[in-house]
Amino acid sequence: MTRRTLLAIEIVCPALAVLAIAIFTSRADSYYFPPLSGVVQSFADIWLSERLVSDLLPSMQRMAIAYAICVVAGVGAGMVLARTPRLMTACEPILEFLRALPGPALIPFGILLFGIGDTMKIFIIVLGAIWPILMNTVDGVRGVDPALLHMARVYRLPRRVVFSKIILRSASPRILAGMRTALSLTIILMVVSEMVGSTNGVGFSVLQAQRTFAVSEMWSGILLLGLIGFLANLAFLAFEKRALFWMRQR
Amino acid sequence: MLEVRSFAKRYESRGTVTEAVRDVSFSVEQGELLCVVGPSGCGKSTLLRSVAGLDRPTSGEILVNGTPVTEPPENMGVVFQDYSRSLLPWMTVSRNVRLPLDYKVADAGERQAATLRALEAVGLAGFADHYPWQLSGGMQQRVAIARALAVNPTLLLMDEPFASVDAQTRAELEDLLLQVWQEFGMTIVLVTHDIDESVYLGDRVLVLSRPPSTVATVVPVRLPRPRNQLDTKHDSLFADLRTEVLSAIGAHGQSAPAAH
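Chains as they are written, first to last, in our numbering: chain A, 14 to 263; chain B, 402 to 661.
Because the hints were derived from the structure by calculation, they are not lab data.
Glycine is no exception: its CB is placed at the ideal position from the N, C-alpha and C atoms.
Incorrect hints may appear among the rest.
To be verified - In silico contact screen, one side only, chain B against chain A (beta carbon under 10 Å); selected entries: (1) LEU488; (2) PRO490; (3) LYS505; (4) VAL506; (5) MET540; (6) ARG548.
What the hints assert, rightly or not - Pairwise CB distance ranges (calculated): (7) ASP636(B) / PRO159(A): 57 to 67 Å; (8) GLU462(B) / ARG166(A): 15 to 25 Å; (9) PRO171(A) / GLU584(B): 35 to 45 Å; (10) VAL418(B) / PRO98(A): 20 to 30 Å; (11) LEU162(A) / ASP424(B): 53 to 63 Å; (12) LEU111(A) / ASN476(B): 41 to 51 Å; (13) ALA526(B) / CYS26(A): 44 to 54 Å; (14) ALA652(B) / PRO171(A): 27 to 37 Å.
Construct the complete structure from the given sequences, taking the supplied hints into account.
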């Protein structure tokens with residue numbers, strides 16, 4: 014199949030699915046499945062006006078801050094752990110336990126510690142989403158070709174350069190894979206933490222709409238969350254493609 | 402220039418001691434091209450790595466310009482066998498070549514000039530902005546050679562530098578090496594498993610015995626320079642020297658390895 018045919022299928026299939034949903038919901042006359050047009054209408058009414066600032070923005074802010082902390086702390090700690098095998102051996106069981114712990118399980122503790130503010134949510138997101146980045150960084154750094162490190166030693170490259178230009182870059186395919194997993198975890202934990210204890214946010218809005226029987230509104234929030242995840246992933250893939258340009262031709 | 406005294410290397414794992422190199426001593430004159438050959442497993446790469454300061458001998462001493470080697474010496478270039486693993490794929494050819502200079506030479510113009518000179522010397526001036534993976538294997542190895550030349554080394558170490566390329570490219574790279582050696586005038590120690598190559602390139606060929614290795618013999622190569630693939634290899638002296646090296650390996654090795 015040619016590229017053009019594939020692209021056509023890629024566009025036509027989702028379009029057909031949307032059409033099917035529109036037809037189904039407009040005829041179903043169901044309380045649970047309001048007409049798609051109604052959902053889209055309430056999406057425009059709610060999310061493109063006042064809630065953009067009151068709920069969407071706070072959610073995105075939490076996500077961005079938490080994700081940034083995950084990346085910086087995860088990559089930093091991963092590099093240190095990978096380069097100090099003894100520390101890694103000491104920490105590994107604890108890390109494995111923390112990684113296995115479901116993020117939302119810590120929400121009660123988070124609320125106890127920080128109340129229901131932003132700090133709690135960021136705490137929950139970071140504690141739940143940092144692990145793929147940290148573990149992949151460790152793997153990536155351990156997997157750096159010794160030949161590159163020999164080269165660096167022979168030419169007496171300074172330590173910081175070896176870290177930034179060789180080790181980090183060499184490990185970047187693994188790190189980025191971890192960052193992608195962490196991105197979807199970040200969205201999940203953002204929603205969950207907002208549903209459990211919050212006064213604003215997209216997750217809060219969806220739950221609130223359901224509790225006030227505003228079903229179209231609820232669906233519009235779900236639609237928004239889907240879009241956020243989809244677009245975030247799309248943006249990430251574009252970034253990854255640029256960052257790993259050197260891997261394409263190998 | 403380079404002096405190796407009673408070099409020995411033993412490995413210990415789970416209580417068993419493997420003696421790779423027993424006693425190897427030799428010296429290399431300023432500007433000389435020494436080839437090191439020997440049966441596989443004779444520790445020739447270990448020896449080179451130790452001269453490079455990447456490994457330590459179990460006993461013995463290595464002196465570069467009278468200074469004992471404890472870490473990679475300054476003004477040394479190294480070309481490894483596996484070009485694809487020693488170049489950075491996320492940097493262009495010229496960035497790869499310039500990388501060691503960035504932390505060695507303060508003046509940016511000087512760095513640029515040295516990079517360009519090195520790329521010109523290996524015939525890659527037109528590929529400065531390419532990435533290594535856009536080049537053939539032989540060209541990638543030229544980049545590695547250029548990187549070594551850029552630091553203006555007094556000592557160039559090469560570990561089976563042409564083992565991973567096809568025969569045609571290999572011959573080209575051999576001639577290229579002789580050419581840059583003449584231009585830059587550094588001392589070269591080249592490890593190879595190819596006897597023809599060692600005779601074709603070297604001023605002397607150091608033959609190691611099978612492990613635990615010692616120096617089997619040192620063969621002076623009295624072939625005239627400049628050498629070229631056609632005439633030099635048809636010289637009857639070339640055949641004699643080749644036989645001499647081969648029999649030295651044969652007498653001291655378990656089985657004589659093939660020339661290629």
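Comparing the hints with the structure gives:
no.: 1; hint: LEU488; result: holds, 8 Å
no.: 2; hint: PRO490; result: holds, 4 Å
no.: 3; hint: LYS505; result: holds, 7 Å
no.: 4; hint: VAL506; result: violated, 12 Å
no.: 5; hint: MET540; result: violated, 14 Å
no.: 6; hint: ARG548; result: holds, 8 Å
no.: 7; hint: ASP636(B) / PRO159(A): 57 to 67 Å; result: violated, 41 Å
no.: 8; hint: GLU462(B) / ARG166(A): 15 to 25 Å; result: holds, 20 Å
no.: 9; hint: PRO171(A) / GLU584(B): 35 to 45 Å; result: violated, 30 Å
no.: 10; hint: VAL418(B) / PRO98(A): 20 to 30 Å; result: holds, 25 Å
no.: 11; hint: LEU162(A) / ASP424(B): 53 to 63 Å; result: violated, 30 Å
no.: 12; hint: LEU111(A) / ASN476(B): 41 to 51 Å; result: holds, 49 Å
no.: 13; hint: ALA526(B) / CYS26(A): 44 to 54 Å; result: holds, 51 Å
no.: 14; hint: ALA652(B) / PRO171(A): 27 to 37 Å; result: violated, 48 Å
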